[in-house]
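Enquirer: Residue numbers (numbering that gives the first Met the number 0), protein chains in the order written: chain S, 0 to 701; chain W, 0 to 247.
Read the hints as simulated data drawn from the structure, not as lab findings. The model shown is predicted, which means the values in this text are computed figures rather than measured ones. Incorrect hints may appear among the rest.
On the chain S side, residues computed to face chain W include the following (Cβ under 8 Å) [what the hints assert, rightly or not]:
id : residue
1  : S141
2  : I517
3  : D619
4  : E621
5  : H637
Result set (DSBU-like, lysine-lysine): computed pairs, CA atoms no more than 35 Å apart in a straight line [unchecked claim]:
id : chain 1 : residue 1 : chain 2 : residue 2
6  : S       : K480      : S       : K61
7  : S       : K172      : W       : K197
8  : W       : K197      : S       : K606
9  : S       : K632      : W       : K218
10 : S       : K627      : W       : K76
Just a few of them, taken from the derived set where beta-carbon distance is under 8 Å, the chain S residues facing chain W [claimed, not checked]:
id : residue
11 : P136
12 : T138
13 : G579
14 : H581
15 : I583
16 : R584
17 : Q598
18 : P600
19 : R601
Built from N, CA and C at the ideal position, the CB exists for glycine as well.
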Amino acid sequence: MSAPSQGPTRFSFAGWLFVVLVSMVALVAATLVVIIPLGLREQLIFGATVFLIALALNLFKKSRLVTMMLVVISLTVSTRYIYWRLSSTLGLESVLEITLGSILLLAEVYAYVVLWFGYMQTMWPLRRRPVPMPRDPSTWPSVDVLIPTYNEPLEVVRATLLAAKAIDWPPDKLVVACLDDGRRDEFKQFCEQAGIVYVTRPNNEHAKAGNINHALKQMKGEFVAIFDCDHLPTRSFLQFTMGWMLRDPKMALVQTPHHFHSPDPFEKNFKIFRRIPNEEDLFYGLVQPGNDLWNSTFFCGSCAVLRRTALEEVGGIATNTVTEDAHTALMMHRKGWNSSFVDVPMASGLATESLSAHVGQRIRWARGMIQVFRTDNPLFGRGLKLAQRLSYSSAMIHFLNGLPRLVFMLAPLVFLFFSVNLFNRAAALVLTYALPHLFHAILTTSRMQRQYRHSFWAEVYETVLATYILLPTTLALINPKLGKFNVTSKGGLVKDDFFDAKIARPYLVLLLLNLVAIAVGIWRIQLGRTPVDALAINLAWATYNVIMLSAAVAVAYEAKQRRKVTRIALEVPVALRLDGGHTIRATTVDLSRGGALIQTPRDLGLKNTDAVHVSFYVADAESAIPAKVRFQKGNRVHVEFEKLTLEQESAIVRTIYSRADAWVNWNDGTVVDRPLRSWLEIIYYGLISLPRIMLGRPRSDP
Amino acid sequence: MKTVVLFSVKGGTGRTSVACNLGAELTQQGRRCTVVDTDPQNALGLHLGMSVGERFGVARHDLTSHDIARHQRGLTKVSYLPFGQCSFEELLEFERQAVENYAWLDERVHRLLPPGTEIALIDLPAGIRGWTYHSLSGADLVLVVLHADAASYATIPATEEMLGRCGARHVGYLVNQMDARMPLSVDVRGAMSGIVSKSLLPFTIPNDEAMREAFAQQKTVQEHAPDSQAAFAFGELADWVQATLRGE
């Protein structure tokens, strides 16, 4: 039994009758609340009262029941808004107004549908914990660990390969394979030295999916673990995931979170690394655990184990869409297999390095998900349960947000520039309906997403992507065959601070338009010919857009990456061995494969280029790494490692990446969401970037 | 009272300094501990402040309670019992008694230990003698001190046989003066882990110049270089010894 049952299984007839009756009463009540029209004053009082009730309920921070109640309230209020919108605000006059008004309405309905889906997907995250393996390792199954690579440098991939070798599993049942689509000699030599299987194929058909499928034909393991070439697994990866595979013979997939030890472009350029949850935290922290409840966790391409027989039954990894991973999971679900998500980070990788790489990767995902939506729509076709259909659909239609977001960014401009009405109601009334809809959504979402996503940051992330995914997703909706797989590059270095004007162009254009619109709006107020309340709302909306767009522009100001190898803040005990034969007990402050910053008990009086050895203690063995002092002041020494032997490199990789608890406390410094503060932070980041951009020399990426 | 015996087949492995620094660490942690020297070299006390030429010790047969009390008063940091200066004839007599009488040395030591001693660390001389078996078989814990080199590795089978024969309750192999910069040392320790894996201690005492300097100044390494990895390692050793004696 892999997923918990979705409701009580033993329920007497009387019990069912009771539930049905209560639901009917609730439904009637909700319908009344939704459709009864109220005047301005009554609506204001009603809206304010309900919101105050919600705020009071929200004080019970830990109660899931309260969360449910807030979801119900939010959905009721939003449904009231949409109903009112559909029934009372569409009496527009000119063709232009009707057209534009309908476009805006469609965008709002999209947002409303996404709200429903979103709540459903995340309202009860299943926090699945690892299940222990049987006591006797001789009963454990064989696993192949596959690490496909194409053009990533050996410097990046070798660490992953070494970390995979360090996974705790009976050595005769573990095979680590490097699948090199680049067919490079240095990779072959490294693998031979390290005891790793080296696999190549004569062509690169179907990119990563083809690479894996080709290797699967040669491997014999009952299970397959797949890692991106820069995702380093911890030693506990298999022991914490395979338990579920053994417990449920129909389990085809155990997925684990993608964790990143380097900052993504938002975190790097805003310097919010580890303080504010990053963009992926929501997906792996809340969405996938939510999916897990409905048995619809999907494969994310890395940090997962799959059952070979399940993969073979669907013909290997899917090759006809660009997000082959999600599609493969969908096909396995259709065949009746189960999937699960173990909510413990057991691998760590590099986030996308620059905004353009980030956007490129997301475009691929967006295009791919829409391709799947078109060619293998989860709402139709056999084999899926209703909840699975809804979960997959939710994940996919999320990527259609390009057009609605663009509409929202342009809507106020229509009124401010051209006085075209998109609502035919007094502005004040609009506010009394729309504000509760927005506020409840913010409140409830913030409560559910507390440490996984801070309010309004979602807006920034989506604003950044909106204009770029618009075209690919629309094309994919029309004809899924358009588009080819473009690999996200890993390991590229941002050499200098620079402003990526090329990628920021759409935001700059929209920002400018909104700024001009605000100016025009203010001028109109002075003219006195247009109703001030309508102007005020649109000005406020345009201001909101300006804030979001300036934050998006700010992200494009790439902070220089100072070193090529990522440093991790990590405290492990080490021993320094000095020239002269003395040893000093010390602790690392941060550590990378290239060197370390070490905290010593006293000032050691070392000089630049002094030779020392740094001893690491891994699994009861001591590894003495030769190093040169780069800098020493007070109690801190910065050393750079000399050329490492394979054993030494392996020891460092294990120290940094392999410990079972390596990433468990990563988010401890993250602060929980407070929407108001979040709002101010975004304004701050948006505004401070503008002078930097104006004073600096904006030049495009060469 | 628990007895810990430090033993090695090969000489020069640093057994005596391990005994003294371990005794110092245990004393610092509040255990009432006495280090006993059964090696005619009579060098153990030098680590702990004894003056060269001190005559009091285990080997003397003419000790009065006054002598014993005077010795106790003279202890400055760690409680220890020297072997003592004796003549050649006295030495022969000592060895004869120790070999012929199973419990003779044991009783002698007990008589001289300060009352209330919780842990006695008995430093045996290197090699296998007539009375080694007696000393080992009475021990709660045998700590075999060796180097990570081929010569020490070669002594392991003989050591295992000896230990098997005398039925010591707990055994630990401690690698001393470990220099992890030397690939050979790392390899040999790995090989040792293969043949005595259950008894090989998971940490080592590093080869630290501070230990030699400490001895030259008649100090313990904790006093002389408290920041060193060596001092830290003795802390680990003391913890391990106490846990093992408690039966964990």
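Enquirer: The structure should be examined with respect to each hint, and the outcome stated for every one.
Expert: Hint check results:
1. With its C-beta approaching chain W no nearer than about 25 Å, S:S141 sits outside the 8 Å limit, and its interface hint is violated.
2. Given hint, S:I517 at the interface with chain W, is violated; its Cβ is 63 Å from that chain's nearest Cβ, farther than 8 Å.
3. Annotation: S:D619 was flagged as interfacial toward chain W, and the flag holds, the nearest CB pair being 4 Å apart, inside 8 Å.
4. Annotation: interface hint on S:E621 holds; nearest CB of chain W at approximately 4 Å, less than 8 Å.
5. The criterion of a C-beta within 8 Å of any C-beta in chain W is not met by S:H637, whose closest approach is roughly 19 Å, and the hint is violated.
6. Straight-line distance between C-alpha atoms of S:K480 and S:K61 comes to about 47 Å, which puts the hinted pair past the 35 Å bound.
7. Taking the CA atoms of S:K172 and W:K197, the gap is near 24 Å; set against the 35 Å cutoff, the hint holds.
8. Using a Cα cut-off of 35 Å, the hinted pair W:K197 and S:K606 is violated, with the two alpha carbons roughly 43 Å apart.
9. Between the alpha carbons of S:K632 and W:K218 the distance comes to roughly 30 Å, so the proposed pair stays at or under 35 Å and holds.
10. For the hint linking S:K627 to W:K76, the alpha-carbon distance of about 40 Å lies beyond 35 Å, and the restraint is violated.
11. Violation of the interface hint for S:P136 is found here, the shortest Cβ-Cβ separation to chain W being roughly 17 Å, above the 8 Å cut-off.
12. A distance limit of 8 Å between C-beta atoms decides the matter here; for S:T138 the minimum to chain W is near 23 Å, and the interface restraint is violated.
13. Taking 8 Å as the C-beta contact cut-off toward chain W, the hint placing S:G579 at the interface holds, the least distance being around 6 Å.
14. Checking S:H581 against chain W by beta carbon gives a least distance of about 5 Å; that is within 8 Å, so the hint holds.
15. Because the smallest distance between the Cβ of S:I583 and any Cβ of chain W comes to about 6 Å, under 8 Å, the interface hint for this residue holds.
16. Here the hint on S:R584 is kept, as its CB sits about 4 Å from the closest CB of chain W, short of 8 Å.
17. At a threshold of 8 Å, the smallest CB-CB gap from S:Q598 to chain W is about 12 Å, leaving the interface hint violated.
18. With a least beta-carbon distance of about 4 Å to chain W, the hint placing S:P600 at the interface is held under the 8 Å criterion.
19. Because the closest C-beta pair between S:R601 and chain W is about 6 Å apart, less than 8 Å, the hint holds.
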